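Visitor: Sequence:
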Amino acid sequence: MAVAVLLAAILALSPLPLSLAPSSTGSSRPPSRSPSRRRSCSGSTAGPAAPPSATAPPRSSEPSGSTPTAGRSPSTPTPGTKVANVLFLDAPAGVGYSYSNTSSDLLSPGDNKTAHDSYTFLVNWLERFPQYKYRDFYIAGESYGGHYVPQLSQLVYRNNKGVRKPILNFKGFMVGNAVIDDYHDFVGTFEYWWTHGLISDDTYQKLQLACEFDSSEHASEACNKIYDVAEAEEGLIDAYSIYTPTCKKTSLHRRRQIKGRRPWLPRGYDPCTEQYSTKYYNLPEVQKAFRANVTGIPYAWTGCSDVLFEYWKDSPRSMLPIYRELIAAGIRIWVFSGDADSVVPLTGTRYSIDALYLPTVTNWYPWYDEEEVAGWCQVHKGLTLVTIRGAGHEVPLHRPRQALKLFEHFLQDKPMPRPVPSIQSF
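Quick note: to get the numbering used here, add 1160 to the position in the sequence shown (first position is 1).
If you are wondering where the hints come from, they were derived from the structure by calculation, not from laboratory data. Every value quoted in this text rests on a predicted model; they were computed, and no experiment measured them. Please note that the accuracy of each hint is not assured.
To be verified - Heads up, simulated EDC-like pairs for lysine to aspartate or glutamate below, C-alpha to C-alpha not over 20 angstroms straight-line:
id, residue 1, residue 2
1, 1408, 1381
2, 1385, 1361
3, 1408, 1388
4, 1448, 1430
5, 1473, 1287
6, 1321, 1485
7, 1541, 1485
8, 1331, 1573
9, 1408, 1398
10, 1366, 1393
11, 1574, 1296
12, 1366, 1381
13, 1331, 1485
14, 1366, 1388
15, 1541, 1514
16, 1273, 1474
17, 1331, 1568
18, 1473, 1271
19, 1331, 1388
20, 1385, 1351
21, 1242, 1573
22, 1242, 1296
23, 1273, 1466
24, 1366, 1398
25, 1408, 1434
26, 1321, 1296
27, 1366, 1394
28, 1439, 1466
29, 1574, 1531
30, 1325, 1287
31, 1242, 1531
Unchecked claim - The calculated label-pair distances, taken between Cβ atoms and stated as ranges, are:
id, residue 1, residue 2, range
32, 1382, 1445, 21 to 27 angstroms
33, 1382, 1324, 52 to 58 angstroms
34, 1392, 1435, 20 to 26 angstroms
35, 1444, 1470, 45 to 51 angstroms
36, 1435, 1360, 27 to 33 angstroms
37, 1268, 1455, 18 to 24 angstroms
38, 1525, 1568, 15 to 21 angstroms
39, 1530, 1444, 38 to 44 angstroms
40, 1243, 1470, 37 to 43 angstroms
Idealized CB from N, CA, C, for every residue including glycine.
With the hints as constraints, model all of the structure from the sequences given.
Guide: Below is the structure:
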């Protein structure tokens, strides 16, 4: 049986993951601590004017939790690649290892352009690797992937209409801690800050009064001012994972000291992962192994391209109309959320889903991993919501085993596991 193909969007202006196949463009193994049986290929595929490059950065989106540490790559193969072929795509042009030979492309990025360029890449990539045509195809991502993923999904769905056997056999999409709807994201974010003790009662009330919840792009001066107050009240925490330590020079030493006293801290999480990733993906030998940066772009690899934000042309306020269209079409949709993220928190996600007014198929229940509550799940007609307990903004980074289980259940369209009888008898 052919293994499914997965395309995923990671972060705002960051890599999107897709499926990789061994070929003549196969890359050598990136520098690591031990050999890996996983074979990958990478390089560029021509797009319209801005050719994105296919790479495989194991960071937040791959359901394994494998990340570079102190400039080294993971030492073990990624479990996620055992259940699906995963291809990572740096998009839009100008982020990650991607580039454009037309300078104007970097001055006109936006949601719509990203969707169409990514679709063009997919079609061209399948022409180069025809053995992956007609396989079950999924798109997944997190954060601003909450825009990229539904928009690309809609484009694929519409282009498949009327085609008897589409080469992109699109089955569904999954998004996590995703930006979905400006109004509900704002309401849910401020509520999360307040209910989790991050801001004062006074600041919470002023945020509600000063901010227009339906517009995140052009906040008023009053909203920005009280937002700064809220940020100061939160203090120097990791807003993407409020219960984990921040990255400090002594963070590894501190984690060893507090591990016994704070058992809820994830054992495998290193708050300095982003720094390690930046160092690792800028190593010449790594770029050579990935067949990336072959043109010698005059800037370093970064996890997020702030420059493109200045020129971003379009960002619709809501993805809910796309959800409605694809739900009506029978497309599989799963939404997941790490409940320790204060940037795109669970509360905003729940408000957005509630606005769809979907009938409930399965009521809210805890799902389990190794006889422990791993999160909660609710199945709606056309959409499944899954939370991951204790995970931050990047769920696979904080809870890799649970993320893999979520990934497998999504591909099988199978409800998350309920408690076993021995647990229910407590």
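Visitor: Given a hinted range of 38 to 44 angstroms, is it respected by the beta-carbon distance of residue 1530 and residue 1444?
Guide: 41 angstroms, holds
Visitor: Residue 1273 and residue 1474: Cα distance at most 20 angstroms?
Guide: 9 angstroms, holds
Visitor: Measure nothing beyond the straight line between the CA atoms of residue 1473 and residue 1287; if it is 20 angstroms or shorter, mark the hint as holding.
Guide: 30 angstroms, violated
Visitor: For the pair supplied as a hint, residue 1473 and residue 1271, confirm whether the alpha-carbon distance does not exceed 20 angstroms.
Guide: 8 angstroms, holds
Visitor: Taking the Cβ atom of residue 1382 and the Cβ atom of residue 1324, is their distance within the range 52 to 58 angstroms?
Guide: Hint holds: Cβ distance 56 angstroms, inside 52 to 58 angstroms.
Visitor: Please verify whether residue 1448 and residue 1430 have alpha carbons no more than 20 angstroms apart.
Guide: Distance ~26 angstroms between residue 1448 and residue 1430 Cα, so the pair is violated.
Visitor: Does residue 1485 sit within 20 angstroms of residue 1541, going by the straight-line distance between their CA atoms?
Guide: At roughly 13 angstroms apart (the allowed maximum being 20 angstroms), residue 1485 and residue 1541 satisfy the hint.
Visitor: CA of residue 1366 to CA of residue 1381, is that 20 angstroms or under?
Guide: 13 angstroms, holds
Visitor: Residue 1325 and residue 1287 were given as a pair; does the straight-line alpha-carbon distance stay at or below 20 angstroms?
Guide: At roughly 15 angstroms apart (the allowed maximum being 20 angstroms), residue 1287 and residue 1325 satisfy the hint.
Visitor: Checking one constraint from the list: CA of residue 1242 to CA of residue 1531, max 20 angstroms. Satisfied?
Guide: Violated, at about 24 angstroms.
Visitor: Keeping to a limit of 20 angstroms between CA atoms, is the pair of residue 1408 and residue 1434 held or broken?
Guide: 12 angstroms, holds
Visitor: Run the distance test for residue 1331 versus residue 1573: straight-line Cα separation, threshold 20 angstroms.
Guide: 10 angstroms, holds
Comparing the model with each numbered hint stated earlier shows that hints 1, 3, 4, 5, 19, 24, 31, 32, 35 do not hold.
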